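These protein sequence lines map, in sequence, to chains A and B. Counting from 1, one number per residue, gives the positions in the first sequence under my numbering. Counting from 1, one number per residue, gives the positions in the second sequence under my numbering.
Calculated from the structure, these hints are not laboratory results. Keep in mind that this is a model prediction, so the values were computed, not measured. The reader is advised that the hints may include incorrect statements.
Going by beta-carbon spacing under 7 Å, a handful of chain B positions derived as facing chain A [claimed, not checked]:
#	residue
1	Pro-56
2	Gln-132
3	Ala-133
4	Leu-179
5	Phe-193
Idealized CB from N, CA, C, for every residue including glycine.
So you can see what is in the structure, the chains are spelled out below.
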Amino acid sequence: MSPAQRAATRRELLTSGAAAGGALLAVPAVAAAASGGGTAASRGARSADGAPGDGGHLARVLSMSVLAAYVYEQVFAEGVLTGTRRRAVSSFEDQERAHVAELRRAVLDAGATVVGPPSSTVVANRYLAHRQIPGRLGQLQSPEDALDLLIDVERSSIGSCYVALLRLTGPETILLVARIMANDSQHEALVTLQRHALKLAAAAPYALVSGSH
Amino acid sequence: MVSGEGDGPSRRGLLGGAVAAAGGAVLAGCGASSGSAKTAATAGQTQTSGSNPSSPRDVALLAAALELERRTVDAYVACVPLLSKTNSKAAALWLSEEVQHTGELIALIRQAGGKAAPRADSYEIGSMPRNQAQTLALLASFEQLQVSYYLRIMPQLRLATARAAVGTILNCDAQHIALLRLVQGRPAVPSAFVT
Chain A
1 MSPAQRAATR RELLTSGAAA GGALLAVPAV AAAASGGGTA ASRGARSADG APGDGGHLAR
61 VLSMSVLAAY VYEQVFAEGV LTGTRRRAVS SFEDQERAHV AELRRAVLDA GATVVGPPSS
121 TVVANRYLAH RQIPGRLGQL QSPEDALDLL IDVERSSIGS CYVALLRLTG PETILLVARI
181 MANDSQHEAL VTLQRHALKL AAAAPYALVS GSH
Chain B
1 MVSGEGDGPS RRGLLGGAVA AAGGAVLAGC GASSGSAKTA ATAGQTQTSG SNPSSPRDVA
61 LLAAALELER RTVDAYVACV PLLSKTNSKA AALWLSEEVQ HTGELIALIR QAGGKAAPRA
121 DSYEIGSMPR NQAQTLALLA SFEQLQVSYY LRIMPQLRLA TARAAVGTIL NCDAQHIALL
181 RLVQGRPAVP SAFVT
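So here's chain B without its partners, still in its complex pose:
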């Protein structure tokens, strides 16, 4: 956990509010997407890779993804107050989306026959950024870690529904990265193939 101004109750309050809001959305079955309302974890689609949905390997891969998402949530909670008004408004939305990703991953872990570990009290996010540019760069770095990890595990996931659901999270994080690049003044979509 970073230390410095902005630590403490207000940050926890923001996180709590975001978790509550996103959790409500998940509980309401709001697996929203651009054009379809449900994802694999919420829609209970037919498995295509074997009849037994239990997969310890998938559980392990998804558990690591959950920890990455939780760390990114902490990074957003720390960084949103440091951003300009316009950027903080967008980042607050992205924070709520990251929280929803944790909910989706917990559902996927359960679907794969596992149980998600409890959330840690705090996650290491490195040095506190000192300005707008550093803050945006820090957030982009966490998003990039997630995107790279999802691309690495998708071919390894045994359950096709988990793979597709992880893909919907990957897409969202890829959008976050593009928009973060844009506000950093960098080319938003530099390559035809996300890495």
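Same shape as in the complex, but just chain A:
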């Protein structure tokens, strides 16, 4: 197994690379940024000095994105989130899948190894625990439990992007991760709004949003 593969499997599930939850959505290509940045080596899975390159950093963002898409799918399948609350966040599952599709493409372009969805809720719960997310799939007792889990997952997704932005060098990958991170921040606000009885001021209470990391 290559160093890049070991890096990917250290904390994440590594499967055949199928995207989470079914068909991938077509998404617009990320526009090339105006300035250059990053060497060819640093845009790969590993840089010349052996540290993870852009591909390795993107793979970590992808692993969290895959988990987020899986959690949305399972939360909806469990049926604890219903009515207007469900409708308010129903499009987020597809948006998470779109993130997975675009990140997967970027990881492959960078020559790194892609990750697939968890093989079961037990495995997913292990990943949630690893990321210090307290909610567990299959144990959601109320809509509040479901919303809390989704909020924590979104914050972890934002955090994975934030950490990546401290390391990425390629303009295109930076832009991709920034656009995904901002979208996950919107998800966080909208899910939080459902959690707090639609009190608008409670939905975006922080001036600087960097997620959990």
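The hints should help you fit chain B onto chain A, whose structure is shown.
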């Protein structure tokens, strides 16, 4: 600066209060976020793009962002009194967050080796909105300008810590846009990729 009812001392008073409140928060090291307490500018994290933290290009990019944020602050100050009770309560919070963004950007400019320009006496925000819908639309337009600008400059910033810190501001503004869309009766999060 817009003209009309609501101009003058009360608006300046609101701005002054918000600036004071947000400034206090910044000075107290309250770079709050959803789950972590500090951002790059306040936490002094290790640079990953070169050993010299000075970057004139970053200073120029961040200075333009600061002017955008200051203009948005003026827009909120003008618009908050025109909103319904529920919306104005949220918008007042968002105003304080925009003020905190100016503080963060000033810190980032300093970190990049520059010095922020003084705040102008006033900023052009266009025609005064006449109703709730126009007010929300005006605020959304300023938020959108900021989001678009941050997405444009993030790949160009040399300092990785500045890039990540700008990302935390981008996230907040993206949330504002989504919530403004929601109260406008539009789809709050229409795309998987913020533009």
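_Interface hint compliance - Ala-133 (chain B) to chain A, C-beta minimum distance less than 7 Å_ = violated, 16 Å
_Take the shortest C-beta to C-beta distance between Leu-179 (chain B) and chain A; is it under 7 Å?_
OK, holds: Leu-179 (chain B) within 7 Å of chain A, min 6 Å.
*Interface hint status, Pro-56 (chain B) versus chain A (Cβ within 7 Å)*: violated, 14 Å
*With a cut-off of 7 Å, does the beta carbon of Phe-193 (chain B) approach a beta carbon of chain A closely enough for the hint to hold?*
holds, 4 Å
*Restraint check, 7 Å cut-off on beta carbons, for Gln-132 (chain B) near chain A*: violated, 14 Å
When the structure is compared with the earlier hints, violations turn up for hints 1, 2 and 3 and for no others.
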